[in-house]
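> For reference, the chains in residue letters:
2 protein chains.
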Amino acid sequence: MTIAATQDGPLGIICGGGAIPPAVAAAVMRRGRRVMLFALRGFVDAQAVAAYPHCWIAVGQFGRFRRLARAEGCRDLVLVGGLVRPSIRQVRLDWATLVAMPRIIRAFRGGDDHLLTGIGRILEADGFRVLGAHEVAPDITAPSGPLGRHRPDAEAMSDIARGFEMLAAMSPFDVGQAAVIGKGRVLAVEAAEGTDAMLRRVAALREAGRIGLPRGVGVVVKAPKQRQDRRFDLPSIGPDTVLHAAHAGLAGVAVVAGGTIVAEPQRLVEAADSNGLFVFGRADGEAN
Amino acid sequence: MTIAATQDGPLGIICGGGAIPPAVAAAVMRRGRRVMLFALRGFVDAQAVAAYPHCWIAVGQFGRFRRLARAEGCRDLVLVGGLVRPSIRQVRLDWATLVAMPRIIRAFRGGDDHLLTGIGRILEADGFRVLGAHEVAPDITAPSGPLGRHRPDAEAMSDIARGFEMLAAMSPFDVGQAAVIGKGRVLAVEAAEGTDAMLRRVAALREAGRIGLPRGVGVVVKAPKQRQDRRFDLPSIGPDTVLHAAHAGLAGVAVVAGGTIVAEPQRLVEAADSNGLFVFGRADGEAN
Numbered sequence: 047m048t049i050a051a052t053q054d055g056p057l058g059i060i061c062g063g064g065a066i067p068p069a070v071a072a073a074v075m076r077r078g079r080r081v082m083l084f085a086l087r088g089f090v091d092a093q094a095v096a097a098y099p100h101c102w103i104a105v106g107q108f109g110r111f112r113r114l115a116r117a118e119g120c121r122d123l124v125l126v127g128g129l130v131r132p133s134i135r136q137v138r139l140d141w142a143t144l145v146a147m148p149r150i151i152r153a154f155r156g157g158d159d160h161l162l163t164g165i166g167r168i169l170e171a172d173g174f175r176v177l178g179a180h181e182v183a184p185d186i187t188a189p190s191g192p193l194g195r196h197r198p199d200a201e202a203m204s205d206i207a208r209g210f211e212m213l214a215a216m217s218p219f220d221v222g223q224a225a226v227i228g229k230g231r232v233l234a235v236e237a238a239e240g241t242d243a244m245l246r247r248v249a250a251l252r253e254a255g256r257i258g259l260p261r262g263v264g265v266v267v268k269a270p271k272q273r274q275d276r277r278f279d280l281p282s283i284g285p286d287t288v289l290h291a292a293h294a295g296l297a298g299v300a301v302v303a304g305g306t307i308v309a310e311p312q313r314l315v316e317a318a319d320s321n322g323l324f325v326f327g328r329a330d331g332e333a334n
Numbered sequence: 047m048t049i050a051a052t053q054d055g056p057l058g059i060i061c062g063g064g065a066i067p068p069a070v071a072a073a074v075m076r077r078g079r080r081v082m083l084f085a086l087r088g089f090v091d092a093q094a095v096a097a098y099p100h101c102w103i104a105v106g107q108f109g110r111f112r113r114l115a116r117a118e119g120c121r122d123l124v125l126v127g128g129l130v131r132p133s134i135r136q137v138r139l140d141w142a143t144l145v146a147m148p149r150i151i152r153a154f155r156g157g158d159d160h161l162l163t164g165i166g167r168i169l170e171a172d173g174f175r176v177l178g179a180h181e182v183a184p185d186i187t188a189p190s191g192p193l194g195r196h197r198p199d200a201e202a203m204s205d206i207a208r209g210f211e212m213l214a215a216m217s218p219f220d221v222g223q224a225a226v227i228g229k230g231r232v233l234a235v236e237a238a239e240g241t242d243a244m245l246r247r248v249a250a251l252r253e254a255g256r257i258g259l260p261r262g263v264g265v266v267v268k269a270p271k272q273r274q275d276r277r278f279d280l281p282s283i284g285p286d287t288v289l290h291a292a293h294a295g296l297a298g299v300a301v302v303a304g305g306t307i308v309a310e311p312q313r314l315v316e317a318a319d320s321n322g323l324f325v326f327g328r329a330d331g332e333a334n
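Chains A and B are the protein sequences, given in the same order. Just so we're aligned: the first sequence equals residues 47 to 334 in our numbering. Just so we're aligned: the second sequence equals residues 47 to 334 in our numbering.
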């Protein structure tokens, strides 16, 4: 579903870290809608949001956020960007958050998407409408087919199919947004560490001679968890994903077309082309 | 199946790294059978095998191994110990290995258990009988129930059940002998990196404030892959597993009773008791 670009009030973008929040902001503005960024202190680099209307909130300042959002006339919200779990010292509490605390703690106990779904529910119970980045800015998701110059060969396609199949099998356990497969062998599975850390691990294993495959063999696959609400935790890739994959000696990166945010697509394609990697969007529901 | 202890000829033990090969040797000798250790150069610490009849072979010296084994009258073999994939420089080739090479290369291309199954098949084609460590030394596998003073509480039992269930779901993909679960959330999944490296990762994530669970919550579960031949790649735990789990802030370690080798059980129990961790053997096939 694509949301009409002409609704009243700016779109509120609650921003975690990384390049995706500004990319979503730019894409929404290109579609003619105003934005207001709520940058989470400690997660967001000031430079990343400097070009957009923004204000700062701390994790836990639900009351402050609510006041600011209402003052700005934001009824529609998206939640995007990296949310590395805050340490206790980064958290600032206010009264509204204390009231919501039991729900927030319950949300924190599950996986990351439980956390985000939980926060989403709290926002919706408060009268906000929570949208997905793929709804407000569909042009920032991966298209179907290759992005850039290189294409997966038959062996890579087979690794991609196996990877997506395994991620689907793990999905009921609320884990496995990404994995690395080489010649049918599962080299790494992502859980709490994140995709970049998983790729650094593969690079280190390869350096230690523990992969046993030549460079240029193997793929990293990323997929949304099947049961997750895509409004809250769409997987994303960016130039760094490609560079980490190149460093890990992989042939390329495969994602679900329309179900993955591509941050900085131009830099991503440059990184892929110059390192000889493919970036491939597999049509959702495509046969294994 | 338990193998009679009085067969002719010593049991040949092809040894990878770690504490398990000497533990298997000791357990076999306690049952009254002679042993001959074939220590893989580059993987085995000389001290570990010093107390047992042994000779050294290099990876790739299949011909040398065959001559030595026949000279010693070893018809029965077990393959145990860590087999971190060798870098090319550690490999010494001989003619018999060159002949077997196409099969070895095919074996290397699959997962670790393909590698070991492949080597096992080559040995069997050559007239050896390949046995599992659990067959020649059943007393070195984990018993059912708690090992040591501590027991899993209801929350840990629920994490254990979820962990085994997830490992079973991943098993068709030849991956996932171990995972870390905390309050139902999957924190880490093992692939090519090994259990200790996975536990170090959990420790680092916890230190970075990215686990979001108090210390003493979470379990590491280990299980044989369902379709693997248990003769070749039984999972194992030892004192180091417990210490890594303690460092990662976990409540304990759970394994499949009778399907997991326990290296140095006394030191393992001491490590568990003094760090407040449980070590729990779940009866194979126990309901989730």
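Note that these hints are calculated values from the structure, not bench results. Quick caveat, the model's predicted, so the values are computed rather than measured. The beta-carbon is built from N, C-alpha and C at its ideal position, and this holds for glycine as well. Honestly, I wouldn't trust all of these hints.
Taking CB as the label site, the calculated pair distances span [unchecked claim]:
(1) B:ARG121 - A:SER190: 41 to 51 Å
(2) B:ARG261 - A:ASP172: 31 to 41 Å
(3) B:ARG195 - A:ASP319: 54 to 64 Å
(4) B:ASP199 - A:PRO184: 33 to 43 Å
(5) A:ARG195 - B:ASP199: 52 to 62 Å
(6) A:GLU316 - B:GLY191: 55 to 65 Å
(7) A:ARG195 - B:ASP91: 25 to 35 Å
(8) B:ARG261 - A:ALA214: 30 to 40 Å
(9) A:ARG113 - B:ARG261: 28 to 38 Å
(10) B:ASP319 - A:ALA214: 39 to 49 Å
Heads up, incomplete: computed chain B residues facing chain A, CB under 10 Å, no partners named [unchecked claim]:
(11) ALA104
(12) VAL105
(13) GLY109
(14) MET212
(15) PRO218
(16) ASP220
(17) VAL221
(18) GLY222
(19) VAL232
(20) ALA237
(21) ARG247
(22) ARG261
(23) PRO285
(24) LEU289
> Please go over all the hints and tell whether each is borne out by the structure.
Hints versus structure:
A hinted range of 41 to 51 Å is violated for the C-beta pair B:ARG121 and A:SER190, which are about 58 Å apart. A beta carbon spacing of about 34 Å between B:ARG261 and A:ASP172 agrees with the range 31 to 41 Å that was offered as a hint. Between B:ARG195 and A:ASP319 the beta carbons are some 59 Å apart, a value that agrees with the proposed interval 54 to 64 Å. Evaluation of the 33 to 43 Å hint for B:ASP199 and A:PRO184 yields a failure: the beta carbon distance comes to about 47 Å.
Here the CB-CB span from A:ARG195 to B:ASP199 is close to 56 Å, well matched to the stated 52 to 62 Å. Evaluation of the 55 to 65 Å hint for A:GLU316 and B:GLY191 yields a pass: the beta carbon distance comes to about 58 Å. The given range of 25 to 35 Å is broken by A:ARG195 and B:ASP91, whose C-beta atoms sit roughly 49 Å from each other. Range check, B:ARG261 to A:ALA214: about 34 Å between beta-carbon atoms, so the 30 to 40 Å window is met.
A:ARG113 and B:ARG261 have their C-beta atoms about 37 Å apart, which keeps the hinted 28 to 38 Å range intact. A hinted range of 39 to 49 Å holds for the C-beta pair B:ASP319 and A:ALA214, which are about 41 Å apart. Against a cut-off of 10 Å between C-beta atoms, the interface hint on B:ALA104 is violated, since the closest Cβ of chain A lies about 15 Å away. Contact between B:VAL105 and chain A, as hinted, is not supported at the beta carbon level, the nearest pair being about 12 Å apart and thus beyond 10 Å.
Interface hint status for B:GLY109: violated, as the beta-carbon distance to the closest one in chain A is roughly 23 Å, over 10 Å. For B:MET212, the shortest C-beta to C-beta distance to chain A is roughly 4 Å, which falls under 10 Å, so the interface hint holds. Checking B:PRO218 against chain A by beta carbon gives a least distance of about 7 Å; that is within 10 Å, so the hint holds. Taken as an interface hint, B:ASP220 checks out: its beta carbon lies about 7 Å from the nearest beta carbon of chain A, inside 10 Å.
Given the 10 Å rule on beta carbons, the hint for B:VAL221 holds: about 4 Å separates it from the nearest Cβ of chain A. Interface restraint check: B:GLY222 against chain A, minimum CB-CB distance 7 Å, threshold 10 Å, status holds. Here the hint on B:VAL232 is kept, as its CB sits about 4 Å from the closest CB of chain A, short of 10 Å. The beta carbon of B:ALA237 comes within 5 Å of a beta carbon in chain A, closer than 10 Å, and the hint placing it at the interface holds.
For the restraint placing B:ARG247 at the interface with chain A, the shortest Cβ-Cβ distance is roughly 6 Å, inside the 10 Å limit, so the hint holds. A hinted interface residue such as B:ARG261 counts as satisfied when its beta carbon comes closer than 10 Å to some beta carbon of chain A; here the least separation is about 14 Å, so the hint is violated. Interface hint status for B:PRO285: violated, as the beta-carbon distance to the closest one in chain A is roughly 23 Å, over 10 Å. This hint is violated: B:LEU289 has a C-beta 21 Å from the nearest C-beta of chain A, more than the 10 Å allowed.
Against the hints set out earlier in the document, violations occur for numbers 1, 4, 7, 11, 12, 13, 22, 23 and 24.
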